[in-house]
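K.L.:
Starting from the given sequences, assemble the full structure and let the hints guide the process.
Residues in the sequence shown are numbered consecutively from 1, following the numbering used here.
Quick caveat, the hints were computed from the structure, so don't treat them as lab data.
Hints may contain errors.
Stated by the list, open to error - List time: in silico DSS-like cross-link candidates among lysine-lysine, alpha-carbon distance up to 25 Å:
1. Lys27 <-> Lys8
2. Lys27 <-> Lys15
3. Lys37 <-> Lys27
What you are looking at is a predicted structure, and each value in this text was computed from that prediction instead of being measured.
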Amino acid sequence: MYITTILKADPENEKLTDAELLQRAWKVQFSNVDVDKDCLALLEEEMFERSARAGVAGHCQWGLDIGDHDGWDLYRDVPGYFNHGDRAESESELQTGPHYKSVPVKVTQIDLRPQPKPRPIAKKVVKQKKM
1 MYITTILKAD PENEKLTDAE LLQRAWKVQF SNVDVDKDCL ALLEEEMFER
51 SARAGVAGHC QWGLDIGDHD GWDLYRDVPG YFNHGDRAES ESELQTGPHY
101 KSVPVKVTQI DLRPQPKPRP IAKKVVKQKK M
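P.N.:
What follows is the structure in structure tokens.
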């Protein structure tokens, strides 16, 4: 019903009957638009955009304070269109902070051999003496 109310407010839909408005509302409701995905894409663009509007904060600043989280490179899969190219960047902007720790990725070897199972402890049966 909310969508029909919004559709009614549009001058283009003034002449539609209630049934037609309801049918249009169902079309809008079940369109193939993934709002969560679209919003997440906009958020990522805001966070990782390199432009004059973003300033120094847009020049790969994530992780320069204390280091990358678990060796995760945030900028590896950033699309090229996030870099607007309207700002001069310098290497001095990429200086790490005083608490920066470069943590190499640790490779751990997994032992695939079966682990031994503990043996049950046998109960000792104490015989009582007859008196």
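K.L.:
Given the hinted pair lysine 27 and lysine 8, is their Cα-Cα distance within 25 Å?
P.N.:
Within the cut-off at roughly 15 Å; holds.
K.L.:
Decide if the proposed pair is consistent with the structure: lysine 37 and lysine 27, CA atoms, cutoff 25 Å inclusive.
P.N.:
holds (19 Å)
K.L.:
Is lysine 27 close enough to lysine 15, meaning Cα to Cα at most 25 Å?
P.N.:
holds (18 Å)
Of the hints listed earlier, there is not a single one the structure fails to meet.
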